[in-house]
Amino acid sequence: MNESSAGRSGFPPAYLDRVGSSFTDFLSTAAPELLPGRRPVPTLPVGDIAPHGTTIVAVTFDGGVLMGGDRRATMGNLISSRDIEKVYPADSYSVIGIAGAAGIAIEMVKLYQVELEHYEKIEGLTMSLDGKANRLAQMIRGNLGAALQGLAVVPLFAGFDLDAAAGTGPGRIFSYDVTGGNYEERGYAAVGSGSLFAKNSLKKTWRSGLPADAATRTVVEALYDAADDDSATGGPDPVRRLYPIVYRVDAEGAVRLTDAEVAAVADQIVTERAAADRQNMPREA
Amino acid sequence: MTMPYYASAEQVMRDRSEYARKGISRGRSVAVLTYADGVLLIAENPSSTLHKIGEIYDRIGFAAVGRYSEFESLRVAGVRLADVRGYSYNRRDVTGRIVANAYAQTLGAIFTEQMKPYEVELCVAEVGETPDRDQLYRLTFDGSVVDEPDFVVMGGQADAVTGHLRENFHAGMGLADALKVGVDALSAVSPATAGSQHGGHARLSAEQLEVAVLDRRRPKRAFRRVVGAALHTLLGDGASTAQTPEGPGHTPSHPAPGTPAGLGDPAAPDTAGGAGYDEHAEDGGEG
Chain A
1 MNESSAGRSG FPPAYLDRVG SSFTDFLSTA APELLPGRRP VPTLPVGDIA PHGTTIVAVT
61 FDGGVLMGGD RRATMGNLIS SRDIEKVYPA DSYSVIGIAG AAGIAIEMVK LYQVELEHYE
121 KIEGLTMSLD GKANRLAQMI RGNLGAALQG LAVVPLFAGF DLDAAAGTGP GRIFSYDVTG
181 GNYEERGYAA VGSGSLFAKN SLKKTWRSGL PADAATRTVV EALYDAADDD SATGGPDPVR
241 RLYPIVYRVD AEGAVRLTDA EVAAVADQIV TERAAADRQN MPREA
Chain B
1 MTMPYYASAE QVMRDRSEYA RKGISRGRSV AVLTYADGVL LIAENPSSTL HKIGEIYDRI
61 GFAAVGRYSE FESLRVAGVR LADVRGYSYN RRDVTGRIVA NAYAQTLGAI FTEQMKPYEV
121 ELCVAEVGET PDRDQLYRLT FDGSVVDEPD FVVMGGQADA VTGHLRENFH AGMGLADALK
181 VGVDALSAVS PATAGSQHGG HARLSAEQLE VAVLDRRRPK RAFRRVVGAA LHTLLGDGAS
241 TAQTPEGPGH TPSHPAPGTP AGLGDPAAPD TAGGAGYDEH AEDGGEG
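Quick note, the sequences are listed as chains A and B, same order.
Take the first sequence: its letter number 119 is residue 119 in my numbering, and every next letter is one higher.
Take the second sequence: its letter number 114 is residue 114 in my numbering, and every next letter is one higher.
Excised from the complex, chain A in its bound form (with noise of 0.2 angstroms):
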């Protein structure tokens, strides 16, 4: 941002001119230089240099939509950060989880929080859900140069939707691919490089209208599972107390559930997979 534009010459002329509700939009003429997929794509693959996030999930339940993300950022075949948060609340009925270049990905998570913010404090009235979706996709397809270079941003989207027609479930899922494709996903969804293995346990644990609790376990379970078999995901961690971090979205609103409440399901699971272990053990002589 110029300087100038904040304190002596009062508002600059763009500030005043066009009438618009979006901030993103009012920055590409404002300020440019401070949105992504304006800046100049690197030439080489930078992908094992830049830390990359890994799993997300999230499930429909009864009343809204839960996603959850596991700890890990992975920079090649290090780990770059064990702590680090990949699930945001979006605004008050929604929420954004991110896989790819961490550092680009958590730019535009901040970018479309604000962005949202901004359309309703200029509009008085908040996005429709499907609005909300759309506008996620068009911040990725920008990013299309950067993802052919290594710095793929791919998030998963998911809210309560304050104006489901009646028999339909509130809660809502969307999926994106790197060229900004934007689907909407029934019932559960994953995105990142343990997907695979998250979708294959949700395939057997999940089904249509689970209450919040035990749609809470199939989230945890996913990631664990996910974090079983793909290197670049994060399990539970006992030892640092660190347990992934998930997000329920009902018609109070986006929540992060504590740390004790995720880990007393993660905990759980483990000692039941131990048990379960245990026994197909050969007995010892």
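Honestly, the hints are just simulated from the structure, not real lab data.
A few of these clues could be false.
What the hints assert, rightly or not - To give a feel for the contact side, a few chain B residues facing chain A, derived at Cβ under 7 angstroms:
hint, residue
1, Glu55
2, Ser73
3, Val76
4, Ala77
5, Val79
6, Arg80
7, Asp83
8, Tyr87
9, Ser88
10, Ala102
11, Gln105
12, Thr106
13, Ala109
This one's a predicted model, so the numbers in the text were calculated from it and none came from an experiment.
Glycine is no exception: its CB is placed at the ideal position from the N, C-alpha and C atoms.
With chain A's structure known, arrange chain B on it following the hints.
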């Protein structure tokens, strides 16, 4: 022979001031008051969609009187400035002073450089961690900015409302008391309540008011509109049971008890955490 057109700078400025003042005093008044938990913004405004009060940023609110199109474009500019600054620096780096300065510069430039001055008067209110950190900036059409203590009244018969408030306002009132004092002051001069039979003025009803608070106890976004049942209850006009509380609809910064990041229900004053605002909402639970 034609006389060359000449008007002294003094005369030009005086004419512009008079023009702006006339425009502003034609409208209805807005009062901004501090109370124990933050800042209360009250406008006499029969429209429920053309707002005179708005949210600028996490701790900053906006109130205006005068020509709607003019103050609306200023409000949007303020939101943009705050959001750009918060995005490129940090949310904590957005202060009321920065927004007020930008308004002052812009209004000053318009006043001196353009034929027609803006017919607006603004208040930028910022809620602090403690009551002594609350800031109310009053901005007039010529770009003057004044940092006011306790309360600001703008538009309509502002002097009469100010006089009324001087008598009844006390620092550190509760929300219901502050609202009562503010609404009484606005009602005393409002043409909308003048025709009542019993001597004085009637009180403005919830439908004629636009009310919002900047509540320092709320995390992140302090701004919250007080509408519907919550407003009726606070005004104590007994109509609260008849009003349906606002359901989940497209209302800004809606929901949630115990929610992080400034997500509380603007329609329910008691979801902000902390003590209830008034006895009515508590159902005498302390018995």
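Taking the hints in turn, this is what the structure says about them:
{"no.": "1", "hint": "Glu55", "in the structure": "holds, 5 angstroms"}
{"no.": "2", "hint": "Ser73", "in the structure": "holds, 6 angstroms"}
{"no.": "3", "hint": "Val76", "in the structure": "holds, 6 angstroms"}
{"no.": "4", "hint": "Ala77", "in the structure": "holds, 4 angstroms"}
{"no.": "5", "hint": "Val79", "in the structure": "holds, 5 angstroms"}
{"no.": "6", "hint": "Arg80", "in the structure": "holds, 5 angstroms"}
{"no.": "7", "hint": "Asp83", "in the structure": "holds, 5 angstroms"}
{"no.": "8", "hint": "Tyr87", "in the structure": "holds, 5 angstroms"}
{"no.": "9", "hint": "Ser88", "in the structure": "holds, 5 angstroms"}
{"no.": "10", "hint": "Ala102", "in the structure": "holds, 5 angstroms"}
{"no.": "11", "hint": "Gln105", "in the structure": "holds, 3 angstroms"}
{"no.": "12", "hint": "Thr106", "in the structure": "holds, 3 angstroms"}
{"no.": "13", "hint": "Ala109", "in the structure": "holds, 6 angstroms"}
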